[in-house]
Amino acid sequence: MLSVLQKTGRAGFSVLQHVLGRVFPVAGNPLNHLGALTIFFCWIVLVSGIWLFMFFRTSVSGAFESVEYLTHEQWYLGGIMRSLHRYASDALIITLLLHILKEFSFDNYRAKRWFSWVSGIPLVWIIFPLGITGYWLVWDELAQYVALTSAELLDRIPIFTGSMAANFLTDTGLSDRFFTLMAFLHLVGLPIFLVFGIWLHLFRLSRPSINPPRRLMAGCLLAMLVAAAIFPAHSQGKADLAFMPETIQFDWFYLHAFPLVERFSPGLTWLLLVIITALLVVAPWLPPMRRALPAKVDLDNCNGCQRCADDCPYSAIEMRPRSDGKSYAREAVVDPDLCVSCGICVGACPTASPFRTRSELIPGIDLPALSAAELRESIVNTRLADDSANPRILVFSCKGNPVAGRLRQAGEAVVEVVCMGQIPPSYFDFALSRGIADGIALTACTDGDCRFRFGTDWTEQRIARTRDPHLRKRVDGSHIEMLWQSNRIARQNPATLIERFRRSIVSGSKPGDVT
Amino acid sequence: MRYVGQALCFAVFMLVVVWFSIRPEHRLRGADEAIVSVSISHAGKRLAECRTLSQDELNELPPNMRIPDDCPRERHAVRLEVFADDILLYRDALPPSGLWSDGKSIAYQRIRTAAGSYAIRVNMSDSGNDESFDYSETRSLTLHPGQNLVIDFDERSNGFTFN
Ligand code: HEM
Ligand code: SF4
Ligand code: SF4
Chain A
1 MLSVLQKTGR
11 AGFSVLQHVL
21 GRVFPVAGNP
31 LNHLGALTIF
41 FCWIVLVSGI
51 WLFMFFRTSV
61 SGAFESVEYL
71 THEQWYLGGI
81 MRSLHRYASD
91 ALIITLLLHI
101 LKEFSFDNYR
111 AKRWFSWVSG
121 IPLVWIIFPL
131 GITGYWLVWD
141 ELAQYVALTS
151 AELLDRIPIF
161 TGSMAANFLT
171 DTGLSDRFFT
181 LMAFLHLVGL
191 PIFLVFGIWL
201 HLFRLSRPSI
211 NPPRRLMAGC
221 LLAMLVAAAI
231 FPAHSQGKAD
241 LAFMPETIQF
251 DWFYLHAFPL
261 VERFSPGLTW
271 LLLVIITALL
281 VVAPWLPPMR
291 RALPAKVDLD
301 NCNGCQRCAD
311 DCPYSAIEMR
321 PRSDGKSYAR
331 EAVVDPDLCV
341 SCGICVGACP
351 TASPFRTRSE
361 LIPGIDLPAL
371 SAAELRESIV
381 NTRLADDSAN
391 PRILVFSCKG
401 NPVAGRLRQA
411 GEAVVEVVCM
421 GQIPPSYFDF
431 ALSRGIADGI
441 ALTACTDGDC
451 RFRFGTDWTE
461 QRIARTRDPH
471 LRKRVDGSHI
481 EMLWQSNRIA
491 RQNPATLIER
501 FRRSIVSGSK
511 PGDVT
Chain B
516 MRYVGQALCF
526 AVFMLVVVWF
536 SIRPEHRLRG
546 ADEAIVSVSI
556 SHAGKRLAEC
566 RTLSQDELNE
576 LPPNMRIPDD
586 CPRERHAVRL
596 EVFADDILLY
606 RDALPPSGLW
616 SDGKSIAYQR
626 IRTAAGSYAI
636 RVNMSDSGND
646 ESFDYSETRS
656 LTLHPGQNLV
666 IDFDERSNGF
676 TFN
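If you're matching them up, the sequences are chains A and B in order. Taken in order, the first sequence gives residues 1 to 515; the numbers are from our numbering. Taken in order, the second sequence gives residues 516 to 678; the numbers are from our numbering.
Worth flagging that the hints you see were computed from the coordinates, not collected in a lab. Ideal placement from N, C-alpha and C gives every residue a C-beta, glycine not left out. Check each hint, because a few of them may be wrong.
Stated by the list, open to error - Distance ranges between label pairs, derived from CB positions: (1) Ala608/B x Val188/A: 40 to 46 angstroms; (2) Ala608/B x Gln6/A: 48 to 54 angstroms; (3) Val188/A x Asp607/B: 37 to 43 angstroms; (4) Thr653/B x Leu225/A: 55 to 61 angstroms; (5) Glu246/A x Cys565/B: 20 to 26 angstroms; (6) Gly674/B x Val188/A: 39 to 45 angstroms; (7) Ala592/B x Trp43/A: 51 to 57 angstroms; (8) Leu614/B x Leu286/A: 34 to 40 angstroms; (9) Trp43/A x Arg538/B: 23 to 29 angstroms; (10) Leu225/A x Met516/B: 22 to 28 angstroms; (11) Ala592/B x Val15/A: 56 to 62 angstroms; (12) Leu614/B x Lys296/A: 55 to 61 angstroms; (13) Leu268/A x Ala608/B: 18 to 24 angstroms.
Just chain A, same shape as in the assembly (with noise of 0.2 angstroms):
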């Protein structure tokens, strides 16, 4: 059940990659950074809604009027800071669900990740409070019913006793205080819970990508600009809580729960809510449980280069003083807790190098579930037809992507890994070298979003030998092939593209050759 739900994600999430992968650059799709467009978002109402206060008059005569005023008589800057604010509000609610659901289907929330899962819940309990208070705020038709709905859920809650939502019902029970209240929440209070809640929610990931590429922030703005310039946001009818409007325009990211308290009741809709929030609070150690050892650091082999907690996505590698007495300053220390068994610290350990010949190959830090030893045993045991017509390729594929299956159909020898970073680049060198292919070609998550966060960046990095452990210069890059690079495997079956990299190699017309 859940993995059917998961794989139907996945596939959904991978046709829409390939849709956005046609016209915005590989680096740059929307959807690759859908937690960083949620922020970017949050920054957009954050500004707009300074604005908006510096004019807004918190009392229950004044609200309405002085929004008004800055829908009607100050449009060119008020009322586009108001249509910036509602839009970036209800287009955040889009990219956090496609967040929720991408982390989802894509399992990143079990086990050793639970953290962020779980952090992320209050976020929402956070997001809609803000939405729905801020709806309250205008003192239009729109605010008067989610006041009086609102109120009637509240009024469920045991801890209030009285009736709040008596107060909406008459302009004379309504004070000012009520009022003040919500301006409160709305303006001060939940943004600072939200604030500190973001930072909590990022605090475990090292470098989390927390504003997204330069020219999708500024589409994005550009985008809301014009829809604020088309259709600018205004109130509805002022609140007038002796008469009911027949229908009210309404905004659904917002308020999708309100219609259930009026069709069913606050108490069923209070439980639907709970019901929902616990199943995502206990989602991550729900069944089944798959638990992969941490990595392991070898200390005889560790000389404290600190490259693998540089490296490692998880902040789960420290680096402490040496405890065996050996001349190295510092050794790395795996927290287990923390660890989510990707392999990435492995890709980047100097010592892990197949051509050690001298000692075993046991590198200082190793992964159990698949170790270096047994990764070089792979290559070597890989025999591909020697065909001096036809390049032997060898397919290195992170474990479970669809594409390695494809490949392998198509008979083109894959070996698997963890995470596409787990592959130190002497591993490349050495398959080359040692004439066991004659091209190496690297398939990864779509498009290089990597559900280990770091894997194809550090891979792409260390083969543009950018970043430690570089490949060996003696390499020929042209040799090696990210397919995810390209993004043309958004139209074209893999296979072909092996031939093509296949081609090229004969013909040794692939640029970018560094000998």
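Chain A is already provided as a structure; the job is to place chain B with the ligands on it using the hints.
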């Protein structure tokens, strides 16, 4: 070409955003419906009257608890009915609030009714009386479409209000 494609993606995204930000409209009531809101908070009578303790009984209590009146705190539930002509709009027995059942009973309900002229009758009982009502009032009114009629109880005049 690429930029045209990107612009198209942004346009689709913003159209979705703008659309669901206001549409589909949410229907709150039928075209010729009015709203009757029952919102009454009223304390039922105590289950038992206060009783003055005799001197002997007082002497048995610890010195700091010697209060001459013994008042049971529990209250009766409040029974409430609202009719529009002969149509029953609301009927409930509302238990007292509070951990010791000593608080007010709270009635809150929004009811949609066809607009029109009605004799609105409200009956309330707060003394545990199951046969008859302690308060009863009938008011002839016209409910216009969209009107929100709020029925409350005024403790000072001991009567219902229709706003
Ligand atoms: C305001 C709301 C949220 C914002 C701004 C946000 C932002 C982010 C950002 C920037 C990242 C880091 C991406 C990276 O650098 O790789 C991230 C990761 C993540 N988020 Fe969120 N997020 C939000 C809500 C949520 C929610 C509600 C959930 C789930 C219930 C969630 C689950 C995750 C998970 C599982 C990760 C991935 C961690 C990993 O790679 O192991 N987030 N989020
Ligand atoms: S396996 Fe991955 S998460 Fe664990 S220490 Fe190595 S790089 Fe970090
Ligand atoms: S990369 Fe290897 S040698 Fe360097 S600190 Fe980490 S385990 Fe030790």
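Structure-based check of all given hints:
1. Ala608/B x Val188/A: 40 to 46 angstroms: At roughly 43 angstroms between Cβ atoms, Val188/A and Ala608/B fall inside 40 to 46 angstroms, so the hint holds.
2. Ala608/B x Gln6/A: 48 to 54 angstroms: Check passed, 50 angstroms falls within 48 to 54 angstroms.
3. Val188/A x Asp607/B: 37 to 43 angstroms: Between Val188/A and Asp607/B, where Cβ atoms are some 39 angstroms apart, the hint holds.
4. Thr653/B x Leu225/A: 55 to 61 angstroms: 59 angstroms, holds
5. Glu246/A x Cys565/B: 20 to 26 angstroms: 52 angstroms, violated
6. Gly674/B x Val188/A: 39 to 45 angstroms: 43 angstroms, holds
7. Ala592/B x Trp43/A: 51 to 57 angstroms: Given range 51 to 57 angstroms: holds, Cβ gap about 54 angstroms.
8. Leu614/B x Leu286/A: 34 to 40 angstroms: 37 angstroms, holds
9. Trp43/A x Arg538/B: 23 to 29 angstroms: 27 angstroms, holds
10. Leu225/A x Met516/B: 22 to 28 angstroms: Cβ of Leu225/A to Cβ of Met516/B: about 23 angstroms, so the range 22 to 28 angstroms holds.
11. Ala592/B x Val15/A: 56 to 62 angstroms: Between Ala592/B and Val15/A, where Cβ atoms are some 59 angstroms apart, the hint holds.
12. Leu614/B x Lys296/A: 55 to 61 angstroms: 57 angstroms, holds
13. Leu268/A x Ala608/B: 18 to 24 angstroms: 22 angstroms, holds
Against the hints set out earlier in the document, a violation occurs for number 5 only.
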